[in-house]
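2 protein chains.
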Amino acid sequence: MSLAFSRAVRTSNASQFNSAGLRTLLWRNAPISLRALSSLAGGLADIDPSKLQFTRTGKPKTLPESSTLKFGHTFTDHMLTIPWTQEAGWGAPHIQPYGPLAMEPSSTVLHYAQTIFEGMKAYTDPEGNIRMFRPDMNMKRMNTSAHRIALPTFNGDALLELIKQLIRIDKHWIPSEPGHSLYVRPTLIGTQKAIGVSPPNEALLFVILSPVGLYYPTGFKPIALYGTTEYVRAAPGGTGAFKLGVNYAPGILPQRHAAAQGYSQNLWLHGPEHYLTEVGTMNMFVVFHKEGGGYELVTPPLDGMILPGITRDSVLTLAREHASGVKPVAGLPTDITVSERPVTMSEVKEASESGRLAELFGAGTAAIISPVDRIGYLGEDVHIPVGKDGMGPLSRHIWTELVGRQTGKIPSDWSIVI
Amino acid sequence: MSLAFSRAVRTSNASQFNSAGLRTLLWRNAPISLRALSSLAGGLADIDPSKLQFTRTGKPKTLPESSTLKFGHTFTDHMLTIPWTQEAGWGAPHIQPYGPLAMEPSSTVLHYAQTIFEGMKAYTDPEGNIRMFRPDMNMKRMNTSAHRIALPTFNGDALLELIKQLIRIDKHWIPSEPGHSLYVRPTLIGTQKAIGVSPPNEALLFVILSPVGLYYPTGFKPIALYGTTEYVRAAPGGTGAFKLGVNYAPGILPQRHAAAQGYSQNLWLHGPEHYLTEVGTMNMFVVFHKEGGGYELVTPPLDGMILPGITRDSVLTLAREHASGVKPVAGLPTDITVSERPVTMSEVKEASESGRLAELFGAGTAAIISPVDRIGYLGEDVHIPVGKDGMGPLSRHIWTELVGRQTGKIPSDWSIVI
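So the sequence lines, in the order shown, correspond to chains A and B. The numbering of the first sequence is the UniProt record's numbering, which starts it at 1 and goes up by one. The numbering of the second sequence is the UniProt record's numbering, which starts it at 1 and goes up by one.
Rather than coming from a laboratory, the hints here were simulated on the basis of the structure. Treat the hints loosely; a few may be bogus.
Which copy? The list can't say, so a pair holds if one copy fits it or any two copies do.
[To be verified] With a straight-line cut-off of 30 Å between C-alpha atoms, the simulated DSSO-like cross-links for lysine-lysine are:
1. K221 x K121
2. K171 x K121
3. K70 x K193
4. K327 x K51
5. K193 x K121
6. K193 x K221
7. K51 x K409
8. K171 x K193
9. K70 x K51
Please build the complete structure, drawing on both the sequences and the hints.
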């Protein structure tokens with residue numbers, strides 16, 4: 001049966017990939033060629049969806065109640081794995097039952113943190129289609145991340161095609177409740193079986209899927225941040241601009257410290273000027289009232305320390321297209337200046353005290369928008385205005401627009417039907 | 001047979017651990033209590049050697065020719081594993097055949113780099129005893145590292161006892177050639193089966209052994225360093241002072257860049273002053289001629305960016321005890337000032353030009369001492385004096401003393417017979 005399925009999928013997949021129509025669509029959604037980053041100089045094999053093997057699980061799991069879902073704790077029936085070797089390049093992709101990976105104890109990922117990942121979501125739209133949101137951006141960033149720690153790069157379109165195939169197979173796992181989704185986690189690890197610190201001669205790319213509920217099941221709940229100056233998330237010349245595993249483990253202890261003081265996340269402050277950089281594992285936006293009316297929407301620039309978040313980019317793009325009149329966002333005030341510029345805690349504190357601060361929020365794939373109501377800073381709390389619904393004057397409408405586009409309620413070429 | 005062995009080891013091990021004499025010896029070798037760091041507040045189980053289970057391999061591997069050994073590529077017949085859970089603490093240690101670990105794809109180590117490790121060596125001395133070098137320091141540092149990324153801490157004496165047991169079982173793997181050793185790699189990883197960024201609720205400690213040959217099989221060969229200003233290894237508020245996996249993967253690309261320009265390792269320079277910090281994955285020493293004669297031995301201070309290396313500490317201690325007359329080192333010049341202080345590339349460059357530079361070397365477990373003959377810095381080479389044997393006036397004698405103590409030729413309480 002497994003063999004029969006394998007054949008069926010190969011055939012259907014190959015034909016899809018050979019379909020000119022679909023290919024065009026793919027390229028349109030990935031305007032910047034990912035092939036440019038691909039390390040195929042030596043004529044090694046790239047990821048090839050036509051080589052997909054499929055082994056269907058013999059023991060499908062019981063679907064969980066959506067109300068019991070806890071972020072990242074439940075995984076679907078299948079996973080995608082794609083091996084890579086220095087000699088041959090990318091091997092045959094395999095969709096197989098979700099289960100343990102056999103890893104040599106010498107695997108370099110276990111010693112030297114050779115891991116990168118992405119976070120994406122798939123939604124069911126009102127018509128029952130499955131949608132993904134700007135997945136080409138994730139494929140591009142994953143290649144950039146891979147290059148930063150000498151892991152193999154790949155054709156992002158090809159990986160995306162395989163991810164779609166995996167989602168289609170496990171599509172019954174996507175919760176149908178509004179705002180629920182399937183979290184998609186592609187991960188690439190170095191699996192060299194020798195403990196030298198070097199580019200690995202073996203690697204493994206795998207993709208797992210996790211059904212997730214609402215981030216704020218009972219409505220928006222603003223969070224309190226601890227302005228962190230004792231620890232850094234990133235530094236100039238470091239890895240903060242890449243989605244690497246190494247940026248995450250070191251943040252757990254500072255998060256514990258913040259929690260012990262009654263704050264839920266870290267606000268990572270940088271340098272003697274205490275520049276605001278990121279919030280926990282999210283990008284960060286602050287909104288000021290401009291003198292004479294209107295708003296300034298500010299986020300720190302991509303200076304090498306800031307993750308180029310896809311939600312970050314979407315918020316900026318929405319706000320810019322709205323402000324310029326290209327594509328108005330319903331409800332959003334018209335006078336908005338969009339700035340990518342450094343912002344310090346002094347500026348935020350002064351604005352809070354003078355009434356010039358309008359709101360402050362985190363932005364990322366998991367929470368989408370995460371409003372903030374106070375920042376613990378040098379022993380006192382800086383208060384941030386928050387509306388009755390937990391949101392602010394800009395984030396309220398940006399969130400509605402983003403979620404509308406993600407779930408297909410608002411037409412957008414950012415959302416693709418798979 | 002496996003069961004019989006298991007019983008035998010349990011018995012012998014329990015009796016050793018209960019022997020007052022051996023326990024005293026252990027404590028003497030670990031003057032700073034490691035228990036202080038242990039996270040046993042909730043009454044959870046610590047690592048307990050008396051619970052050791054042993055499964056002997058049914059397929060012992062063929063011992064490799066020592067001349068073919070490549071660092072970290074060959075592993076012995078057995079490994080030690082110790083599981084941990086948030087609910088129960090440390091579980092029963094198990095020495096078992098070396099082989100793959102079954103890891104859930106959601107294991108947090110694969111996503112968020114929750115890994116720490118140590119590097120130690122075991123030697124055979126001229127009398128046939130097996131020796132380790134200051135292993136209490138590794139146990140202490142491993143606990144400090146674990147705490148930094150919210151992994152569980154443990155009783156270092158207990159882990160060391162189990163490591164000794166593992167080495168005794170695979171002692172025929174220690175190459176007998178002079179300077180050869182068994183590299184010991186304890187690793188601790190987060191294995192929580194859920195992709196939230198948080199302290200893991202499951203972890204696994206494992207220890208693997210790798211026979212290694214001479215680092216410089218054909219005599220000392222000085223290396224060329226690339227003074228790296230584009231990338232950082234560490235930053236204030238970061239993790240440079242801890243032996244975490246996250247400090248290693250990001251260094252591979254800079255190392256490639258250095259290699260592409262004809263240099264073998266990075267010299268990590270920090271800040272606008274270009275402070276020298278570390279060399280590749282080693283600590284760093286520079287030696288100046290003092291005005292009026294004698295030498296100054298300088299290494300950067302432990303300011304939070306420098307790994308507290310055990311070879312680093314040993315070099316400093318040897319030199320200080322020599323300089324103060326407490327314990328003279330054969331051949332070492334008497335007039336040595338030992339400094340833990342910042343040192344900049346300007347100072348090194350000026351000293352190179354004026355003839356005040358005596359030598360510069362890396363120090364670490366793998367290479368012990370690694371002399372340097374030039375540094376590529378801002379487009380030109382800074383030349384470092386090197387003796388005919390590849391060593392400098394201090395490193396030559398420090399190396400001899402260190403290796404003498406490690407291999408038991410020179411009596412020292414740093415070296416323990418296991």
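Violated hints - listed by number, lowest first: Checked against the structure, the hints that fail are numbers 4, 7, 9, while the rest are satisfied.
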